[in-house]
Structure formats: C-alpha cells, structure tokens
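*Asks:* So the protein lines, in turn, are chains A and B. The letter at position 30 of the first sequence is residue 916 when you use the numbering used here, and the numbering goes up by one with no holes. The letter at position 457 of the second sequence is residue 560 when you use the numbering used here, and the numbering goes up by one with no holes.
Simulated from the structure, these hints should not be mistaken for lab results. Any given hint might turn out to be false.
Claimed, not checked - Just the calculated beta-carbon pair ranges, DEER-fashion:
#1 B:N484 x A:A904: 35 to 41 Å
#2 A:L907 x B:V301: 16 to 22 Å
#3 B:H255 x A:A904: 41 to 47 Å
#4 B:W537 x A:I925: 52 to 58 Å
#5 B:L323 x A:W900: 37 to 43 Å
#6 B:R436 x A:W900: 40 to 46 Å
#7 A:G921 x B:E326: 54 to 60 Å
As the list claims (entries may be wrong) - Capping the alpha-carbon separation at 25 Å, the derived lysine to any residue pairs in SDA-like fashion look like this:
#8 A:K922 x B:P325
#9 A:K922 x B:K423
#10 B:K423 x B:W537
A quick note: this is a predicted structure, and the numbers were derived from the prediction, not measured. All C-beta atoms in this analysis are idealised placements derived from N, C-alpha and C, irrespective of residue type, glycine included.
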Amino acid sequence: MLGLGSLEAALAVWLSLAATLLCVVYGALNWYARGKPDIVREERTVVVRGRQARTSGEQAEETGKHEGQGDGK
Amino acid sequence: MIGKLIIIAVYLCVVFYLGYKGWRETTRTQDFMLAGRGMHPFIMAFSYGATFISTSAIIGFGGAAGLFGFSLLWLTFANIFVGIFLAMVFFGKRTRRMGLALNSLTFPELLGRRYRSSFIQGFSGMVIFLFIPAYAAAVLIGICRMIEVGLHLPYNAALIGVTLILAIYVITGGLKAVMYTDAFQGSIMTFMMLILLVTTYSLLGGIIEGHETLTQMAHLMPEKLQKGGMQGWTQGATFGSPLWLTIYTTIVYGVGVGVLAQPQLAVRFMTVSSDRELNRAVLFGGVFILLMTGVAFVVGALSNAVFYQMFEKISIAMAKGNVDKIIPVYVDRIMPGWFSALFLVAMFAAAMSTLSSQYHVGGTSLGRDFVEKALGASRENSIAVNKIGVVITVAAALLWALVLPMSVIARATAFFFGLCAASFLPAFLFALYWRGMTKAGAISSMVGGFCISMFWLLFVHIKEAKALGLCELLTGQPTLAAAAPQGSWVWLLQWVDPNVVALPFSFLLAVGISLASNRFDSEHLDACWRNF
C-alpha cells in the first residue's frame with residue numbers, strides 16, 4: 887500500500903507506474919518499426935522567386951515526385 | 104531577485120533563438136501549419152507532452168491534489184495510458200496516414216475531408232476558435248500567478264508581458280517555432296519536476312514515511328471538504344459523494360478521455376514522417392507525463408504534510424483559500440531560493456509551450472477552417488490569414504484571463520477537454536476506424552454532443568450554471584436539479600460532469616444516424632484508407 891490510506895490511492899500509483907512501463911517497453915520493441923510504407927505522400931510545393939507553386943495538382947505517389955522535381959517549377 | 108531575472112533572460116534568449124530558427128525554416132503553408140511533416144520523434148513527443156501538460160496540470164491540478172490528495176493520481180494513469188499509449192498507437196498512426204492521404208493540414212480539415220463536409224470543417228473550426236481562448240486563459244492565469252508570487256510583479260502586467268512574448272514567436276514561426284520551443288521547454292520541466300519530487304520526499308524522510316505522515320493527517324481535512332465526502336488525502340472520497348463525483352467525472356474522466364480529441368494534440372500526429380517516429384514518441388511521452396502530472400499530484404498532496412510540519416497549517420490555508428496558489432506558495436516557501444528561480448522558468452516553459460500551441464490551433468481554426476473553407480476565402484495568402492487568426496486568438500485569451508475568477512485553472516481545462524470529447528471524439532474515432540460512418544452521423548454526433556454538453560453546463564452542472572446564472576434567470580433555481588431532495592440521485596446530478604452524459608449521447612447519435620443514412624461511396628472511402 888506504500889503507506890497510503892486506501893487501496894484506491896495505492897492502485898492509482900501502481901497503475902501510473904505500470905502504464906509508463908508499458909509505454910517504455912512498446913517504444914523500445916518498436917523502435918525501428920516504420921509500418922507499411924505510405925502509398926500517398928505529401929503534396930509538395932516549391933518556392934520560386936518568393937512565390938509558392940505546386941509540384942503537382944494531385945498528391946505525389948510513393949515512387950513519384952520530391953520537392954523541386956515536379957511540374958510546377 | 105537578480106538571479107531570477109538573469110535565469111529568465113537566458114531562458115528567453117534560447118526561446119527567441121528557437122523561434123527565429125522556426126521562422127527561418129517556415130516557407131510553405133505546410134511548415135506553418137504542420138511543421139513540414141518531418142519532425143524528430145523526441146521533439147514531437149516533448150512537444151506533445153509539453154502542450155498536453157501545462158501550468159494547468161502542474162499548478163491547477165497540482166493545487167487540486169493539495170485538496171483532494173492521491174485520488175488525482177488516477178488522472179496521471181489516464182494521462183499516460185489514454186493520453187499517450189492509446190492516443191499515439193491507435194489514433195496517432197491512423198491520423199498521420201489519413202491526414203497525408205487527404206492532404207489535411209488541420210484537425211478540422213481532416214474531419215471535413217473525411218466526411219466531405221465544409222460544415223464539419225467550419226463548425227469544428229469555430230468550436231475550437233471560440234472555446235480554446237478560455238482554456239488558454241486558464242493557462243495564462245496559472246503562469247501569471249506564479250510571476251506575481253515569484254517576481255512580485257503586478258498580475259495584469261504579467262498577463263500582457265507573457266502574451267506579447269508568445270505572440271511574437273507563434274505568429275512569425277508557426278508550428279515549427281512552437282514545437283522547437285516546446286521541446287526545449289519540456290526538457291526544462293522534466294529536470295525541475297525531478298528535483299521537486301526528490302526534495303519533497305527528502306523533507307518527509309522518504310517515500311513510505313511521507314505517505315504515512317499524510318495518511319495520519321486525515322482529521323485535518325477541512326470540514327467543508329469532509330462534508331463533501333473527502334475522507335483524507337490518501338484515503339480518497341466516499342463513493343458517490345459530491346466530491347467523489349467531481350474528482351472522477353470532471354477531473355479524471357473529463358480530462359483523461361477528453362485528451363483523445365484535442366485538436367492541438369491531434370495535429371501533432373501529422374507532423375512526423377512515419378509510424379517509427381510515433382513508436383519512439385510513445386516511449387518519451389510516457390516517461391514525460393509520469394514526471395509531469397505524477398510528480399505534480401504527489402507533491403501537491405504531500406505539500407499538506409510539509410506545510411504542517413513547518414507551519415502547522417495545511418496547504419489550502421497556506422494559499423489563503425486559492426487552490427491555484429498552493430504550488431506557487433509551496434515552491435516559494437519550502438524550496439531553496441535557487442530552485443524557486445529555476446522552477447519559475449520551468450513553469451514559464453510549461454505555460455508557454457501549451458499557450459503557443461493553443462494560439463496556433465485557435466488561429467489556424469479561424470483562418471484555415473472557418474475563413475478559408477467555410478466562408479470560401481481565397482488561399483492566395485493562406486499564411487497571412489492564419490497569422491491574423493492567431494492574433495485574434497491571442498487577444499481573446501487575454502480578455503478571458505482578465506475576467507475569469509480565481510481557482511479556475513483546473514476547471515477551465517476540464518471544461519475544454521470535455522467539450523472537445525463530446526463534440527469530436529465519436530466523429531474522430533469512427534473517421535479512422537469505421538467505413539460505415541456517414542456524413543449525417545458525423546454532423547449529428549458533433550452538433551448533438553456540443554449542444555448536450557453546453558445544456559448540462561448552463562442548466563445542470565452547479566459550478567458553471569450557478570456562476571453563469573442563465574438557469575436562475577429562466578427558472579428561479581440555480582440548476583434544474585437543485586429543487587430535488589438533498590442526497591437523491593437527481594440532486595447529485597449537479598456534480599456530474601457534462602461529458603458523462605454528452606459523450607455517450609454523441610456516440611449513440613453517431614452510430615444510430617450512420618446506420619440509418621446513406622454511406623459514402625467506396626471510391627471515397629478507398630481514397631481515405633489509401634495509406635492504411
């Protein structure tokens with residue numbers, strides 16, 4: 887009971903510590919796990935003479951465009 | 104005093120440097136709104152944690168722990184398990200993936216595009232913009248009370264000074280500046296809370312000894328709190344009593360669950376580039392939250408034992424009846440002078456990290472989601488429109504801070520968390536997990552949850568209903584349940600948080616209306632699910 891006056895209080899302390907441990911273990915076990923690659927990637931924009939222009943009207947596909955490679959330059 | 108000023112000056116220099124760095128790196132709308140979607144997991148986790156945990160948690164809820172004791176540790180458990188683990192693993196990953204698939208830059212935009220509804224985006228944006236200033240004001244009040252006690256500056260001068268400092272870097276640097284400064288501020292907070300914990304237990308002779316001392320002080324619990332159901336700081340409250348209902352329905356449930364639908368937190372899931380960053384953030388975030396709310400609540404409760412040993416007074420008496428002053432007074436009277444200066448900086452950091460995010464999300468909700476989407480304004484000058492939105496949010500928060508009463512920090516935080524949960528949680532959860540959720544289901548859940556929450560607040564929940572006075576004006580009673588026999592379940596409803604009623608109602612509407620209305624075509628759903 888950790889010197890606390892009720893099970894209600896002691897349980898709150900133990901569960902807080904257990905939840906933290908869960909987070910640490912989960913994070914450590916999945917440290918390198920990227921998950922399934924994104925099919926759709928960010929719509930990129932490039933800055934041309936202080937103005938923004940899209941690289942593509944649609945979002946770039948996985949194998950597609952990166953910043954500065956699109957058709958909006 | 105000179106030492107305190109030097110430390111604060113150094114701290115502000117670093118903050119302004121990071122704000123400048125954020126401004127330099129902000130060239131695109133995506134940078135201003137989502138920090139370029141490429142944040143480091145440590146920065147993301149500490150930014151998430153420092154936004155989540157502010158002076159509200161440390162000063163407001165820490166002060167509440169000075170009244171209610173260790174029962175508040177249930178909120179720490181909820182903060183870690185729900186606010187970090189469930190939020191990042193089950194909400195964060197899908198939010199990031201769907202946000203990318205739908206090219207959404209804000210939380211309302213994600214909901215609006217998922218449900219193909221300008222109304223949803225505009226309504227969400229307005230709810231956030233209208234109510235986040237009240238939450239921001241509560242945070243602002245917390246840090247300004249600290250400054251008032253620690254630096255002996257006039258309260259109103261502190262309000263204006265802090266607001267100006269924050270406004271400069273949020274308006275110029277956007278989310279990059281906010282997240283860089285958050286991570287720095289979170290690091291300071293971690294270090295200070297560790298010192299606070301170790302010192303407090305040392306003063307009481309150890310962990311078990313400290314707890315036992317507090318356990319033996321149960322008879323010193325103020326009479327008013329005993330009548331409300333409190334048995335002691337480590338004994339908890341009597342089941343079903345008004346204070347038990349306040350602790351568990353408003354503080355633990357309202358804030359603990361409400362975190363899942365916080366727009367300023369959800370948007371951070373979209374600032375990283377893959378699941379790997381979120382996995383790592385779970386580790387950092389779990390430890391960070393334990394060191395923040397866990398320490399604040401333990402120290403808040405134990406402050407009664409320390410104060411009693413030194414001054415023969417309990418915490419609320421030392422703070423002259425103001426819950427929000429328990430932690431500031433504890434640091435000022437109990438902790439060494441050098442710590443007082445550093446802790447002030449840590450609290451400054453805690454407040455600024457949360458405030459900057461609140462200003463940012465309030466501003467983008469007004470600019471991006473309401474003006475641009477709902478009103479159909481041009482996106483030619485998107486960054487400028489969002490900056491104006493931030494300016495208006497900052498001004499609204501300052502006005503709220505000038506008019507809100509004392510001891511309001513914890514309550515205002517719980518109010519915003521609860522309102523967000525009732526309005527957004529079902530629509531957000533089902534947006535990520537249920538292809539059968541319809542536009543009509545989402546709209547009715549959001550509007551219904553919001554309306555029930557506001558009704559309960561204005562007509563049933565005694566704290567707000569009595570203060571606002573609308574129920575009294577219309578019915579002659581402070582609440583609709585006030586006339587019920589004392590001790591009956593109807594009478595006890597006055598201490599039940601709005602969220603206890605509004606959230607289940609919102610879920611029922613979401614499911615019921617979705618089952619009875621037309622589903623989205625599979626082409627749209629496939630587009631939403633592309634990245635899963």
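*Asks:* For each hint, tell me whether it holds in the structure or not.
*Replies:* Structure-based check of each hint:
Checked against the given bound of 35 to 41 Å, the beta carbons of N484 (chain B) and A904 (chain A), roughly 50 Å apart, lie outside it. For L907 (chain A) paired with V301 (chain B), a C-beta distance near 20 Å keeps the hint of 16 to 22 Å intact. Between H255 (chain B) and A904 (chain A) the C-beta distance comes to about 43 Å, which sits within the given range of 41 to 47 Å. With their beta carbons about 21 Å apart, W537 (chain B) and I925 (chain A) fall outside the hinted range of 52 to 58 Å.
Taking the beta carbon of each, L323 (chain B) and W900 (chain A) are about 26 Å apart, not inside 37 to 43 Å as hinted. Roughly 31 Å separates the CB atoms of R436 (chain B) and W900 (chain A), a value that falls outside the hinted 40 to 46 Å. The given range of 54 to 60 Å is respected by G921 (chain A) and E326 (chain B), whose C-beta atoms sit roughly 56 Å from each other. The hinted pair formed by K922 (chain A) and P325 (chain B) fails the criterion: a straight-line CA distance of about 56 Å is larger than 25 Å.
Taken as a hint, the K922 (chain A) and K423 (chain B) pair is broken in the structure, with Cα atoms around 56 Å apart against an allowance of 25 Å. Proposed proximity of K423 (chain B) and W537 (chain B) is contradicted: the alpha carbons are some 51 Å apart, above 25 Å.
Violation of the numbered hints given earlier is confined to hints 1, 4, 5, 6, 8, 9 and 10; the remaining hints are satisfied by the structure.
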